[in-house]
Each structure stands twice: as C-alpha cells, then as structure tokens.
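Take the given structure of chain A and dock chain B to it, following the hints.
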Amino acid sequence: MSEPVMNDAPATRKASSRNKWAAVGALGVAALAFLLITVSGIGDNLVYYWTPSDLQANSAKAVGATIRLGGMVKPGSISGGKNGSTLEFDVTDYKSSVHVKSTGVPPQMFREEIGVVVEGTMTEAGYFESNRLMVSHGNEYRAPKNGEHPDVKTLMKSTEGLD
Amino acid sequence: MVPLIGRSLILLSLLTAAAGAIVAFTAGSRRSVVGAAWARRFAYTYAALISAANFLMIYALIVHDFTVGYVAQVGSRSTPLWVTISSLWSSLEGSILFWGLVLGVYVFVATWSCRKHYPEHLPYAIAVWLATGAFFSFLLAGPAQPFHTVLNPPFDGPGPNPLLQNHLLMVAHPPFLYLGYVGMTIPFGLASAALLVGRLGHEFLKPLRTWLLVPWTFLSVAIVMGGWWAYEVLGWGGYWAWDPVENASFLPWLTATAALHSALVMERRAILKGWTVTLVMASFLLTILGTFMTRSGVFNSVHSFTQSSIGPTILAYLAVALIWSVIILAMRVDHLAAEGRIESGQSREGAFLANNLLFVLFTFTVLIGTVFPLVVEATRGVQMSVGSPYFNRMSVPIGVALLFLMGVGPALPWGRATKQQMIKALVPPAIGGVILLAIGFAVGARNPWTLLTLFFGGYTAQVTLKEMWRPLIQRIKGGAGVGSALVEGQLLRGRRRFAAYIIHAAVVVIIVSIAISSTMQKSKEVQFVKGQSATIGPYELTFLGAESVNEGHREGIIAHMAVKKNGKPDGEIAPRMNYYAMSKDPIGTPEVRTTLTHDLYLSIMNIDEASQTVGLHLIINPMVGWIWICTGVMAFGGIMAIWPTKSRRNEAILRDAAQARGGEAVVES
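Chains as they are written, first to last, in our numbering: chain A, 1 to 163; chain B, 164 to 832.
So here's chain A without its partners, still in its complex pose (with noise of 0.2 Å):
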C-alpha cells in the first residue's frame, strides 16, 4: 500500500523510503524466523499413519517415533487387559504383524479381527507400546479378506475418536 505524503520536503521522504526498507527487511527476517520456528515444530510433531508392514520397512526410524499404527487384531493374539493388566494383542496387515502392549482400558468393541487404531511408538525390545487404542468405527468398513492390503487411510477414517 502506498502513502502518497504530498506537503514533505525530499529530505523526509528519502529518511521515510530508508524506514520503509528497513521495515520490509525487518519483516523479512521475521518472516524467516517464523518459517524456521514452524518447520521445525512441525518436524518435531510427526504423526506417522502405518501399516504394519510400512512399520516393517521403517524399523530404523520407528523407535521414538509418534506412530498410528492400523491394522486388523490377530485372531488367538488377545491377552490381559482385565483389571488393570498390560492389554497384548498382535495388529496385523496379514503380510507382517507387530506385538503391541497397551495401556488404558479397552473401548467397548475391542475383539478378535476388527480394525484398530494404535497410536504410540517402537520400542528398543521390538513391540509396539501403545498409550491410545482406538477401534475402527463406520458403517462403510469392512474386514479387508485374506491377502488383501487394508488401506490404513480408509481405516483411520472409519475410527472413532480420532482427533
């Protein structure tokens, strides 16, 4: 936006253009500042939406790592989880399957072969620690059949309490 200042002497308007770049270059490095500070946060803030097998093919990178992990719960897999006990279960892909520990109580339709939602990371010990499990919800979903890749978007959008 211009300032058209009509009555000034060429002195102050040279003193004014000098501001103006100032200005602009101070609102440059600002800008810069800002940009760095956000990639940076965001950088640090990753949610990563894994399949097991994408979990597989990432094992260096998964330690540490704020990971949604989706999948279908392994038949035969499900152990604890009653009256305070670690809650294990296998989430898997049926190509690779991961062991996750789960802490908190299960949602009301935790079962064998239903879509889940694991969000927490790798640990060192090769299982998946867990602090939120959430099931697949949505009238749309369906259990993908043997052999077949379930899209882990689709499952993250039929899961409920997603934030």
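None of these hints come from the bench; they were simulated from the model. Owing to the predicted nature of the structure, the values given are computational and were not obtained by experimental measurement. Please note that a few of the clues may not be correct.
[Claimed, not checked] The calculated lysine-lysine pairs, modelled on DSBU-like cross-linking and capped at a C-alpha distance of 30 Å, are:
1) B/K640 <-> B/K629
2) A/K101 <-> A/K74
3) B/K693 <-> B/K731
4) A/K74 <-> B/K687
5) B/K687 <-> A/K101
6) B/K640 <-> B/K587
7) B/K693 <-> B/K728
8) B/K693 <-> A/K101
9) B/K731 <-> B/K685
10) A/K61 <-> A/K101
11) B/K629 <-> B/K587
12) A/K101 <-> B/K685
13) A/K95 <-> A/K61
14) A/K20 <-> B/K582
15) B/K640 <-> B/K582
[Said to hold, decoys possible] To give an idea of the chain A side of the interface with chain B (calculated C-beta under 7 Å), a few residues:
16) T38
17) G41
18) V47
19) Y48
20) P107
Each residue gets a CB set at the ideal place from its N, CA and C atoms; glycine is no exception.
Chain B alone, transformed into the frame defined by chain A:
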C-alpha cells in the same frame, strides 16, 4: 414428482444466478440504474428459488418420500422429527443444498438492506454473490444432486449418521457454521465491489463492517459449539484437538477478527484500506478451503462423515476465487490509498497493527500445520498428520501476546501516547493481573504459561471493565442522571463500543478458562464391578449397575453411578452407550455434570450388562462451563453491535464520529 420439481428448481436457480451475475456485473461497469434494479430482481429470484428447493427437500424428508435420492440415503421412518429435519444437513448433498438456502437468505437480506444506498457498489457485490450462488447451484445440479429419482424406492432408509443423531447440539452446530461460512460471501462481495469501484470511504465502511460482524458472530458461536459437541459426545474429555476440520473453521475466524480490528483503524485514521480488504477476501477464501477440507474427505477426521468426488470441483472453485481476488487486488488496490498515516507505534492504532500481524501469524501457523500433511501425501505418498503439540506450542505464545494486546490497545490513546499515558496504561491495570495471578497460584496453577495467561488476563480484564463503563461514568460526572447516562452512554451512542468491550470481557474469560482447563485436568480410567467405588477429586463414585433401555430409534445401556461429593450423597450420574437401528456399532454418550468451578465428566469405554461391569474414563475439567457461558455473552455482544440503529440517529452519530476523527478519543471509538 418431487424429484422432478426439485431438479427444476435447482436448474432455475443456477440459470438465475449465472444470468444475474452477468447482468449485475454489466450494470456495475456501465453504472446503469436500470441494470442495477434488474440485478436486485435476479438476487431476490435466486433467493426464492433456492429456498423453495430447500423447503421441498424438508417436505420430502418429513413425509418420507423415498423416491427422492437424498431421502432414501439419509431418511428413516423411525427417527424423531428433529432428527428428520436436521437430516437436511447431515450428509453431503443435503448440506450443499442447505448451503444454498443460507446463501439465498444472506443475499436477500444484504441486497434488501443495501438497496437504497451504495448505487455504484451494490451491483458489483450482487455479481460476486450470485457468481458464488451459481457455483453451489452447479454442484447441486451435477456432482451433488440431492433430487435424483429413485426408481425402486425402499420402504425405509438408514437414517443419518448415528454420531449426528446422538446429540441436540448437532442440530444447531452445522447451521451456525454455515451461517458463519456462507456469510463471508457477503463481505467478500462488498470488498470486491470496493476494489472494482475503486473507493472505500467512510460511508461504505458501515455495510462492510456490519456484514463482516454478522458471519463473525455466527462463526464464533459455531466454533465453540463444535467444541462443545465434541466434548459432550466424543467422550475423550476435551473440546479442541486441532483436528483439520476444526482448524478449517478457526482459520477464517482469525482473519475475520483481524479484519474487524483493522476496519476500526481504517474508520479512525483512513489507513489500512487495502489491508482490510485483503483480510476480508482471505476470510472468504479460507471458508472455501474449509469447505474443501470438510467435504472432500481428504483428511482423517471425526468429521469425515461425507466423502465424495466434489473435492476437485471445490478446489477448482477455490483456485478461481483466489485468482479473482489476487487480480482485482493487484489491479485496483492503489485506488484505495491511505488518506492518513500512523503517527507513532505507541498508540492504540499501533497496538491494533501488532494485533493484526499476530492474527496473520496465527493464521499461517495453523494453515501450515493443517495443509502440510496434504502436501506431503500428494508429493511423496506418505500418510501422516501434524500432532497437536505443534499447534499448542505455536498458538499458546501468540494467544498470550494477543491477550496482552487486547488490554494494552484500549488502554492507549489514539495518535501518540505520552510517557505518562504509557505508564498509566501499563501500571495500574497490572494490579488486576497480580490479583488473578495470586488467585490462580492459590488454587494450584503452576504451569508457567497458565500463570502468564492469568496475569495478562487480569490486566486486560481491568482495562476492559474500566473502558466498558467509562461513558457512563463520564456522563454521571458531567451531571447526568444514572438512568439517562446508562441509556445514552451505553445503549444508544456508545453501543458499538459497549458491545465490543462485552465481547472482549467474554474472550478474556474464555482464554483463561482454556488455559486452566487444559493444564489442570484430572483424569483416570477405572474398571468397575457392580458395587465398586472409585474416587476422583472431591467425588466418590459407586457403580450401581448396568441397565438396558429401548427408545425406538435406538437402544442403550446405561451405567448408573451414585455420586458422593465431599462425603455427602449428591444424586446419580448415568453415562450410556447407544446402539442405533441401522448401525451395529455403539456410540458412547458421556455424562457431564457442570458446576461453576469444574465439570465432572464420565465416559464409558466398555460396558457389559450380563457381568454387570463397566470401564469408565473419569475426568475433572476445571472451568470448562465458562467457555460455553461466555460464548453466549460473546454472541450477545455481537448482536448488540449488529443491531441496526434508527437511521437518523445513526447519521448523527456518524457525523459526530467524522468530526471527532483524528481528534481526542471521545465516547465512541
């Protein structure tokens, strides 16, 4: 029959809007009085047609006419009437239709209220409104047709998404959101008109500000209502999670709030014209971006009720609107040259300027965090999201700075503050800050950001309250009676100012409540067997048993919990799990008991009637109730500011304000 009439109405509305936009634009560029009259007629006709299509759909929903495609998709004979009617906006096609209704009403009222003024601006504005209307009618005519004919109508339908049936707030939240979103079309049209005419003077500022304030008020209420709904229904005990769709509604709110403030500087100092127009246009573009996010299913979100193929169409529209905005801004913004200038940063306008920069910064922060995962997925095919810690880390400092500016701005005079004025603005109100800080510390607040928020909250509250009642006190000191000073100072002449400070006061309480509730929550998860008890805070909860009920359109299992507060029996709380007819999966309904200081929040994680066990999430949320209460106060302030003044009185006020402009800060500001 109904589908055919519906399709005809939509087609006619499309033709009217498209033709009207062309007529109106031509009338604007030729300054034709006859053309302008025709533009208004087109606007009224469009509003009538799209409203008729909506009423037809509501009729079809009520009589369960399953030959109508949309009714077959979301209708059900077993749902109560309020669910049946709100089905109109429960799914994609209906919500776009409803969008049309809201736009129709806005276009009608805006055209009607501006018809006698602004002969140069109004045709251009109508052209933009009708062009927007034409786009949404096009969606309805093609990709999101709600009136397609069902050849073999089913006897009964599935009903709307159970999550939407589960709470009354869901009836109110989408209409408010739409009134906010769609309403941004009106100031967008007015801003475009100001650019195209090349003049944004004092007289045109009034409709621009009023029509910005209307959707702003609705949007404010809608955002909080969405949070309230999530809090009452989703059961995780919070109200805001930086979900992409929540962000989508927050982004235009940020730019619109900035625009309201820069418009005030524009009124006082006749500067920032191009800037204000840019913010108004950005608000509209962000609503379209929000529509894209909500309606295209590109995000993993609780809001992904409707996934559809209209995403690319909306994206194309967004691109067109963006290009239009950039072109007319680039070509015409130099016509809106500043007539004044800022004398000093140490002034009210200096604080407004800082406020505007922070709001824009806030907008970019949220926008980048929201859009980043989309860009990564589009370019690298990796699915991810940006976690809420990012948003919290970025927004808390900006929010605290804004809270401070909200106090320091009104405390400073326009023009240039002297050293004494600076001290007077900064030091005495700090007493309020210290008091609130002490109270917070006494009740156990230790988080440094919470303490900082409390300090600035107290500071700003003191400034706000003082400024709020200043006209009254001035008049009483001047010898006026209390009654006449109240009517004259607060309700008639100073009403806009009074309303603004009411909103500010409410916002202070909301920000403090958010700070307290997000850092001082207590929560635990407990598995109960019948007869067992657990304690949280001052409460002792005993599980009395599970009971199932049948309510026609749904069945539920209720957990009866006896409550003791500080050892005394305090009634019963009954969170429940609902099962809807057409959906096999249950939906939990948390039970919230609100008191003035905190909420007791119980949400069922699992429940079994046979074994009489229940797993509960117990939460104590301090101060949450104040967010809802103060949003009501905000809405009241908004209505008070919008409420039309009698035009003769209004002109007198405008004249006075114009005289006072540039001078001493007097009663109206």
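Here is how each hint holds up against the structure:
In summary, the hint linking B/K640 to B/K629 is supported, as the alpha carbons are separated by about 15 Å, within the 30 Å threshold. Among the hinted pairs, A/K101 with A/K74 is consistent with the structure: their alpha-carbon atoms are about 14 Å apart, no more than 30 Å. Simply put, B/K693 and B/K731 have alpha-carbon atoms about 20 Å apart, close enough for the 30 Å limit, and the pair holds. Restraint check: the Cα-Cα separation between A/K74 and B/K687 comes to about 28 Å, which is no more than 30 Å; the hinted pair holds.
With a C-alpha separation of about 19 Å, the suggested pair B/K687 and A/K101 falls inside the 30 Å cut-off, and the hint holds. Using a Cα cut-off of 30 Å, the hinted pair B/K640 and B/K587 holds, with the two alpha carbons roughly 21 Å apart. Among the hinted pairs, B/K693 with B/K728 is consistent with the structure: their alpha-carbon atoms are about 20 Å apart, no more than 30 Å. For a cut-off of 30 Å, the pair hint linking B/K693 to A/K101 stands: about 28 Å separates their Cα positions.
Taken as a hint, the B/K731 and B/K685 pair is honoured in the structure, with Cα atoms around 21 Å apart against an allowance of 30 Å. The hinted pair formed by A/K61 and A/K101 meets the criterion: a straight-line CA distance of about 19 Å does not exceed 30 Å. For the hint linking B/K629 to B/K587, the alpha-carbon distance of about 13 Å falls within 30 Å, and the restraint holds. Our distance criterion of 30 Å between C-alpha atoms is met by A/K101 and B/K685, whose separation comes to about 24 Å.
Among the hinted pairs, A/K95 with A/K61 is consistent with the structure: their alpha-carbon atoms are about 20 Å apart, no more than 30 Å. Proposed proximity of A/K20 and B/K582 is supported: the alpha carbons are some 26 Å apart, at most 30 Å. For the proposed pair B/K640 and B/K582, the alpha carbon gap of about 26 Å is at most 30 Å, so the pair holds. About 5 Å separates the beta-carbon of A/T38 from the nearest beta-carbon of chain B, less than 7 Å, and the hint is met.
Interface hint at A/G41: satisfied, since its Cβ lies 5 Å from the closest Cβ of chain B, which is below the 7 Å cut-off. Taking 7 Å as the C-beta cut-off, the interface hint given for A/V47 holds, the closest approach to chain B being about 5 Å. The interface hint given for A/Y48 is met, as the beta carbon of that residue sits about 5 Å from the closest beta carbon of chain B, less than 7 Å. A least Cβ separation of about 5 Å between A/P107 and chain B falls short of the 7 Å threshold, and the interface hint therefore holds.
Consistency with the previously given hints is maintained throughout, with no hint failing.
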